[in-house]
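S.K.: Residues per chain are reported as follows:
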Amino acid sequence: QQQVKQSPQSLIVQKGGISIINCAYENTAFDYFPWYQQFPGKGPALLIAIRPDVSEKKEGRFTISFNKSAKQFSLHIMDSQPGDSATYFCAASMGFGGSQGNLIFGKGTKLSVKP
Amino acid sequence: GAGVSQSPSNKVTEKGKDVELRCDPISGHTALYWYRQSLGQGLEFLIYFQGNSAPDKSGLPSDRFSAERTGGSVSTLTIQRTQQEDSAVYLCASSFDPPGQGSEQYFGPGTRLTVT
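The listed protein sequences derive, respectively, from chains A and B. Quick note on the numbering used here: the first sequence kicks off at 55 and runs consecutively. Quick note on the numbering used here: the second sequence kicks off at 93 and runs consecutively.
Looking at chain B on its own, in the form it has when it is part of the complex:
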């Protein structure tokens, strides 16, 4: 079956512009995660959606970052007024989480964001 897909695969933007990154999770997966992978910081958790619950935004680095998940499926990560330190690979993962417990997370290929 299809895995997690992300678009675009690469995005180059100018400092100060807004960008939107898209994630399509595996069909039927209730949980969706965004992570950021950068050379200096490794893999960092950003935000977590589980079903219809309020998202866990505890990993978002600043208020320029936001995400939404529509209809419990597709998610969009938005970065406003991009800065050069936002340059990284943004990874999305999904899992099928029964209530009260987690399960394996499956990652997409990522979106490489470069802020010039």
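Just chain A, with the same shape it has in the complex:
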């Protein structure tokens, strides 16, 4: 059973456009939702994260939108740049409310931003 479902699997966006990646989760006990960015040959790097007590969090060009009732959250990348081309993973954990801090990841979205 896949606890975190991520879509799309791949995404092509023109430079300057908006990239949107969606995730849905099953376990209502999750209380921490990070997004990671991974370049080839590198480990995942934390991009932005949200807790369920807020519906949106923005950091620079990156925004997380969170819908607790729908059990969905999404990453929006505004003014997408070729340097944003990477694989993006959403994740969830119960780490902030308990001892089960391990992350459960979505399958990843490969983003390509065309110049």
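These aren't lab readings, by the way, just hints derived from the structure by calculation. Note that the structure is predicted; figures quoted are calculated from it, not measured. Where is the CB? At the ideal position from N, CA and C, for every residue including glycine. Incorrect hints may appear among the rest.
[Claimed, not checked] A few chain B residues facing chain A, derived, Cβ under 7 Å:
1. L131
2. A146
3. G202
4. V207
[To be verified] Lysine-lysine pairs mimicking DSS-like chemistry, simulated, CA-CA at most 25 Å apart:
5. B:K149 to A:K161
6. A:K112 to A:K125
7. A:K59 to A:K122
8. A:K59 to B:K149
9. A:K96 to B:K103
Since the structure of chain A is provided, determine the placement of chain B on it from the hints.
M.R.: Showing chain B alone in chain A's frame:
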């Protein structure tokens, strides 16, 4: 400051051999995680160490996998009698977890294991 480091960066081994993978977490981080990243399965949790507590081994795929963390710092993941399906990138992450709550996890560059 220094991030999470892992060694070796690449490891090629023959089926049936044992391998040891090393992780040096960020100084001061109390929690340490091992994950496995493979093409078919994505990123999977393996094991979690928090301070002096017993590790959470719930993600280990078989009893051929084990890990230890010495002195609350460096960790070693051992895979015995390696199989071809063990081929993957093994990632280590660490975080500073105050008691009763978690915090952001920072990943190392990974060790790419190839079993021939």
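S.K.: Are V207 (chain B) and chain A close enough, Cβ to Cβ, to be under 7 Å, as the hint says?
M.R.: 19 Å, violated
S.K.: Could you grab the alpha-carbon distance between K149 (chain B) and K161 (chain A) and see if it respects the 25 Å cut-off?
M.R.: 22 Å, holds
S.K.: Would the hint linking K96 (chain A) and K103 (chain B) be met if the CA-CA limit is 25 Å?
M.R.: 16 Å, holds
S.K.: For the hint on L131 (chain B), does the least C-beta distance to chain A fall short of 7 Å?
M.R.: Since the shortest Cβ distance to chain A is 10 Å, the answer is violated.
S.K.: Take a quick look at whether K59 (chain A) and K149 (chain B) sit within 25 Å of each other, Cα to Cα.
M.R.: 24 Å, holds
S.K.: Checking hints one by one. Is A146 (chain B) an interface residue toward chain A, by the C-beta closer than 7 Å rule?
M.R.: 11 Å, violated
S.K.: Hinted pair, alpha-carbon criterion (25 Å max): K59 (chain A), K122 (chain A). Please report holds or violated.
M.R.: 15 Å, holds
S.K.: Does the CB of G202 (chain B) sit less than 7 Å away from some CB of chain A?
M.R.: With a minimum Cβ separation of about 5 Å from chain A (threshold 7 Å), the hint on G202 (chain B) holds.
S.K.: Keeping to a limit of 25 Å between CA atoms, is the pair of K112 (chain A) and K125 (chain A) held or broken?
M.R.: Answer holds: K112 (chain A) to K125 (chain A) is near 19 Å, not above 25 Å.
Violated hints for the displayed structure, listed by number in ascending order: 1, 2, 4.
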